[in-house]
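My request is simple: use the sequences and hints to build the entire structure.
Here the protein sequences come in this chain order: G and H. Converting from the first sequence to my numbering requires adding 1152 to each position, the first position being numbered 1. Converting from the second sequence to my numbering requires adding 36 to each position, the first position being numbered 1.
Just so you know, nobody snuck in bad clues.
A few chain H residues that face chain G, going by a derived Cβ cut-off under 8 Å, partial list only:
1. Ser197
2. Glu199
3. Pro200
4. Ala209
These stretches of chain G come out as covered by chain H in the derived footprint (C-beta under 8 Å, 3 or more residues):
5. 1225-1239
6. 1246-1260
By construction, these hints were calculated from the structure, which means they are not laboratory data. Predicted model only: the values in this text are computed from it and were never measured. The beta-carbon is built from N, C-alpha and C at its ideal position, and this holds for glycine as well.
What follows is the residue order along each chain.
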Amino acid sequence: MSIELIHVSKSFDTNPIVRDVSVSIATGELFVLLGASGSGKSTLLRLIAGLLELDGGTILLNDIDVTRLSPQQRGTGFVFQNYSLFRHMTVAQNIEFGLSIRKVKRPEREQKVSELLELIELQGYEDRFPGQLSGGQQQRVALARALAYEPNVLLLDEPFGALDVKIRVQLRQNLRAIQQRLGLTAILVTHDQEEAFDIADRIGIIDQGELLEVGAPDQLYRNPTHRFTATFLGTANLLDAHRNGTNIYLGGVKIPAPANTEQFSGKPVEVLARPEEVALSRTQEQSPGSIIGKGIVESVVFAGPALRVTLHLQGEGGKTLQALLTPSDVRDLDLAVGQEVWISLKEYHLLASSVK
Amino acid sequence: MREIKPRSPLALLLIGIAVLYAVVLFAAPLVAIIYGAFKDGIDPIIETLTDPAVLHAFEVSIGLALGAVLINTIFGLVTAWVLVRQKFRGRGLFDTLIDIPFVFSPVIAGYAMIVLFGRGGWLAPPLFPIVFALPGILLAKTFVSLPFITREVQPVLGALSLEPEYAAYTLGASRWATFRRVILPELWTALLYGIVLTFARAVGEFGAVAVVGGNIEGYTETATSFVFRAMNDRNSTGAYVVSLILCLVSLLILFLMNLLRRRMVVSRG
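Encoded structure:
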């Protein structure tokens, strides 16, 4: 394991910011810590780099306990959101900073700088100052600076947060390519789920200092174990239900229980269905999934390649549901606001109920 | 083309007042000094400039002013650092007290030093004298010019982002290497500005220096106290010439400050 956190915790004054976080990150893995602002994800990253001292727990980098080591001794590469380049140094001086601190000879430094400039595609920029570069270029230099002395692990704190959407997408794909080419172990912190889905090997969901769950992007999206994950990643339709025998009961409606959900037997659960898993039909017979009842169409909104339909589920509770339909679906159904349709679920998942 | 409006009478009046104020208080004395220095020809000037007492006075003034600059550079940086980066009880009060040399009458400061460091004082030195000796003058010059460097560096340091420092740490730089290679370059202009102000104040100081040093000719007499003595001795050429040189030093400093200020605007913009 390249990075191993064991029961790591940190408080500021008496506020717990990171609560008992344990996770192992494999060599060559790009791990994304995803959470809202103030969730403690940046603090966790600074704890790993040694920029903050932890209150409890252990941190291993390449199987070596670094808990008591200074940031200088840990040798992590850190990239900050605001680039944090040394303004009075040229691009080349910035990149070779870690090497010149380590008293590496000049020819070797120059060699490394030109290699890295090629890697970040900024050849010919060595004598520019950070102030003469765009945000995206500065962030690439910051990455090169962090990579120059071949760090144990790469830590990136919202590295694309200050950039335009277009550049952000391009840069994160560059980063992913570089990370895979060099076989780097990296943790990237972000609040942007699209970014996480785009580049992560695994995602860790962090909320109020707690690492709720860890998994591959599709696994966390399709089959989360925490309600927070379900609602934080994408849009979630959640329905209160009860699992009994091989069925799930939503009020008076019965649908079959998904496989491998026996642990919820006899317990209150929540049924999770993503908008794209909700299907609509004119008649009961036409429905492609498990019918959960009838509903009234409240709105149909254009959302790029799909249409977002808001429905009011009739019956007890009177829940509002979101469905994502293709334009042809909407045309075939001849959907209009105020219309009554059958609502069914093509796929659904179970969560432990939040109702105690 | 932009239409140039005729100035209002009020604007003309204000311009007149400002110019008159500057002429009376600043330009006229300068002209008078230049005139006074040169009115008896070049010989008395050469005589004054080769007078050992004058040369010694300049040595004391400039040498000890540089000493005060050195001391205040080190302690001023430390003080600015402490005020910006350390949280401690009484920091606000400490911050306020830094300006004491600006509001204290230098004569009183000098007198306090005599009480403190003089014979029988609480901090009377056992080995060498401070009062009525050069160390006393150094102390006086250091005291009156103490706040400048702290006050110039403090806001710049306060506005610095911590992240480049953190980046330097993760890149392997020690605290000292980080200060020297990452922080200090950001502070240079402000620090130089503070140094120039400190030097100007330390060279020009008269009151505190006169009280603590005692104006002993050829020993603790500084350039400014020489002017005072020459005036009393009706050695008007001597007073004019030394004053003129001090003025030229001041003007040089003024230009230097202007240059630095422009650099500050550039580096901050």
